[in-house]
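**Student:** For reference, the chains in residue letters:
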Amino acid sequence: MAGALGFTGLLFFSSRSRPASPFPPPSALREVRHSAIEDMLALSLGARRLFADLWFIRLMQYYGTHEHIAGEEEEEEEHGHSHHGLDFGAGNYPEFMALSRHIAALDPYFKNAVLYSAGSLAFNLNRPGEAAELLNYALVNTPREWKFLIMLTAIGYSKSSEPAKVAQIIAPLVRERDCPVMLKQLAAFLNKKAGNYEAAAVIYADILQTSKDPFYTLNSEKELKMIEKRLK
Amino acid sequence: MKYLYTARSVAAETFRESVKNRFFTVFAVFAACAIYASLLAGVMAIEEEARVLSDLGFGLMELMTLAYALFHAAMAIPREMETKAIYLVFSRPVSRPAYMLGKAAGLYLLGAFMLAVMAAIHLSLLSLRGFPPCAAYFNIVACIWLKIVIIISLALFISLFSTSPVSTMVISAVIWTLGHFTPEARFLIEKAGGFSGALLKGAAWMIPDLQLYNLRDAPLSASGGWFQVFYAALWALAAYGASVLLFRKKEF
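Residue numbers (our numbering), protein chains in the order written: chain H, 1 to 232; chain G, 1 to 252.
These are calculated hints, taken from the structure and not from any lab test. Among the hints, erroneous ones may be present.
Claimed, not checked - Listed next, the stretches of chain G that the computed footprint assigns to chain H, with coverage defined by at least 3 CB atoms under 8 Å from CB atoms of chain H:
hint: 1; stretch: 49-56
hint: 2; stretch: 179-187
hint: 3; stretch: 209-217
Said to hold, decoys possible - A short, non-exhaustive set of chain H residues, derived as facing chain G with CB atoms under 7 Å:
hint: 4; residue: Pro26
hint: 5; residue: Ser44
hint: 6; residue: Arg48
hint: 7; residue: Leu50
hint: 8; residue: Asp53
hint: 9; residue: Ile57
hint: 10; residue: Val181
hint: 11; residue: Asp213
Beta carbons are placed, not taken as given, at the ideal position from N, Cα and C, and that holds for glycine.
Isolated chain H, as found in the complex (with noise of 0.2 Å):
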């Protein structure tokens, strides 16, 4: 009797001192293409990130498959040009934003999902507004996240139509060593845009140093002969 009374008074004293969870509430969690039993895993046996992370696989490959859209085909062959610059990685992709911020909601602290979908929403897809929205979302766990912040920052100026604000508002995002290779795909492009070949070069000769994905790689390469070129 006396241990359960004690156990009982060292468990409520415990329970005063245990913090707070880090994580959103479980009504944050949307569900998105029939996830209902995984996010119950993921809950049930404490495994947000490793979710999270098959999320994001997940996104990498719906972002990373080709979307059929009617007219392009012939567009393509007309003009002899696939998407790059500009158009890179442009299209609908109606699920990124769901699938994105079901990421956050999984893992608010992947702040690498959370760059890639921003950047690729706002720069990419053209929906500068969703990408603003994700950013709040995962500002609401990790409120000091000055990696969120410039993003949102880089948003708010790309309305403005100024590639080289834009690139200099991003440029301490892209020094970080873990900084999502399609960041600075951008920040190079948007430099290249800007007239400052100098800086674009020393962005893709990062990117072709530290990349694995051969599609960045070989853009790089192509990208820094063309500057070569430009700056003989």
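Given chain H, work out where chain G should sit, using these hints.
**Tutor:** Positioned in the frame of chain H, the structure of chain G alone reads:
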């Protein structure tokens, strides 16, 4: 002193028994899964390979240790009762509290050993792929072990009154699941309020908060500390006390 000496002998025997059967198969399965995942992550999670490898490794380590340790915790005493080996044990000067302590300690040791071997495999794989382990790596592994300690203690207690090892494992798995839901349960309790809220609050106290040990989910913002050790010790002691009380009533 004699009590501790007896407990040590029982613990050593429990550990030996546990590692006798299919023990190394677990490590082989872990290594195979981890290597396969690393190949897959390299292709699919290109820029996040390190994170995926790390998270998957921790997840596998935890689940495999949980499954193996839970299986042995559920079987430890019922098997000895079934084979009548327990009569031989108690025909010697072995006290019941020392026997219970030895059983629990042997299983805690089993969990620690499994985690240590799997962590070594995991670290080797990470270094082979050129990724450094995260700063909180050993804190995370230690917290996984503390979770295993709590669930083993509870499983041993449950095995004393449940009808079969399967039901022990099922009840323990339910506690494991509820334990990870504790912060969410607290959120719902706050929403409920009133009498039902107070009732639920009382019920929630009876479930260990395993999310407290879930450093692998937020290793950058959380860190292990003495509070986690104290909380695990509290649960382990309570389960041990209850088990001894129940065990004393059994006739051998």
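**Student:** Could you run down the list of hints and mark each one as holding or not?
**Tutor:** Against the structure, the hints:
no., hint, in the structure
1, 49-56, "holds (count 5)"
2, 179-187, "holds (count 6)"
3, 209-217, "holds (count 7)"
4, Pro26, "holds, 5 Å"
5, Ser44, "holds, 4 Å"
6, Arg48, "holds, 5 Å"
7, Leu50, "holds, 5 Å"
8, Asp53, "holds, 5 Å"
9, Ile57, "holds, 5 Å"
10, Val181, "holds, 6 Å"
11, Asp213, "holds, 5 Å"
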